[in-house]
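K.L.:
Sequence:
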Amino acid sequence: MFSTRNVSRAAILALAVSLAAPVGAQEITQSHLDAALDALRASPASRSYDNLLPAVAEQVKSQLILMRPDLHTQISETVDEVVLTLVPRRNDLDNDLARVWAKGFTEDELVTIATFYASPAGQKFNQIGPKVISDAFKVAEGWANRVREELVEKTQEALKNQGVEF
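Counting from 1, one number per residue, gives the positions in the sequence shown under my numbering.
Hints are not guaranteed to be accurate.
The list that follows gives simulated cross-link-like pairs (lysine to any residue, SDA-like), each with its CA atoms no further than 20 angstroms apart [what the hints assert, rightly or not]:
| no. | residue 1 | residue 2 |
| --- | --- | --- |
| 1 | 131 | 42 |
| 2 | 103 | 27 |
| 3 | 103 | 33 |
| 4 | 103 | 115 |
| 5 | 124 | 47 |
| 6 | 131 | 47 |
| 7 | 124 | 111 |
| 8 | 103 | 87 |
| 9 | 61 | 80 |
| 10 | 124 | 38 |
| 11 | 61 | 47 |
| 12 | 103 | 44 |
| 13 | 61 | 87 |
Label-pair distances were calculated between CB atoms; the ranges are [as the list claims (entries may be wrong)]:
| no. | residue 1 | residue 2 | range |
| --- | --- | --- | --- |
| 14 | 82 | 134 | 32 to 38 angstroms |
| 15 | 125 | 157 | 40 to 46 angstroms |
| 16 | 87 | 63 | 17 to 23 angstroms |
| 17 | 90 | 153 | 51 to 57 angstroms |
| 18 | 73 | 41 | 34 to 40 angstroms |
| 19 | 60 | 125 | 20 to 26 angstroms |
| 20 | 138 | 94 | 29 to 35 angstroms |
| 21 | 72 | 140 | 42 to 48 angstroms |
Read the hints as simulated data drawn from the structure, not as lab findings.
All values reported here derive from a predicted model rather than from experimental measurement.
Glycine included, every Cβ here is placed at the ideal spot set by N, Cα and C.
Generate the whole structure from the sequences, applying the supplied hints.
P.N.:
Structure (structure tokens):
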């Protein structure tokens, strides 16, 4: 027979387990993943991973050449050949990244993102967005430098009024 105490414990345990389950733990549907993949491939974020495999190849070359510098040319050529066989693995990366996007955005949001990047404004953003962001960063950096100088001057003035000399 079940006692009230055991039923209460079971209810509390069930509640705790349900609350502990991560919100994003729901199963992601194939259409959600497809939308994430479309959004990822349409966005400039996808291109930021284009140099990953060549960078890994250069690291492997360096690692192996350090071990056998006498085989520099052979190692370099062989890594270049082998890395080409790994190019199809990029799809694995895209699928893994799509899962991350699917966890962060709803399917409808992903469709909206993909639609934006396919639009003329989205294509323009893809084209000049990095330059705009870089220019904006330079502006912010200049502002921070000017404010820093002003802060130093005003702080030194305030400290001077308190009898502190620099």
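K.L.:
For every hint, state whether the structure bears it out.
P.N.:
Outcome of the hint check:
no. : hint                          : in the structure
1   : 131 x 42                      : 18 angstroms, holds
2   : 103 x 27                      : 10 angstroms, holds
3   : 103 x 33                      : 9 angstroms, holds
4   : 103 x 115                     : 19 angstroms, holds
5   : 124 x 47                      : 15 angstroms, holds
6   : 131 x 47                      : 15 angstroms, holds
7   : 124 x 111                     : 18 angstroms, holds
8   : 103 x 87                      : 26 angstroms, violated
9   : 61 x 80                       : 9 angstroms, holds
10  : 124 x 38                      : 18 angstroms, holds
11  : 61 x 47                       : 23 angstroms, violated
12  : 103 x 44                      : 19 angstroms, holds
13  : 61 x 87                       : 17 angstroms, holds
14  : 82 x 134: 32 to 38 angstroms  : 35 angstroms, holds
15  : 125 x 157: 40 to 46 angstroms : 44 angstroms, holds
16  : 87 x 63: 17 to 23 angstroms   : 20 angstroms, holds
17  : 90 x 153: 51 to 57 angstroms  : 53 angstroms, holds
18  : 73 x 41: 34 to 40 angstroms   : 37 angstroms, holds
19  : 60 x 125: 20 to 26 angstroms  : 35 angstroms, violated
20  : 138 x 94: 29 to 35 angstroms  : 32 angstroms, holds
21  : 72 x 140: 42 to 48 angstroms  : 44 angstroms, holds
Going through the hint list in order, the structure does not satisfy hints 8, 11 and 19.
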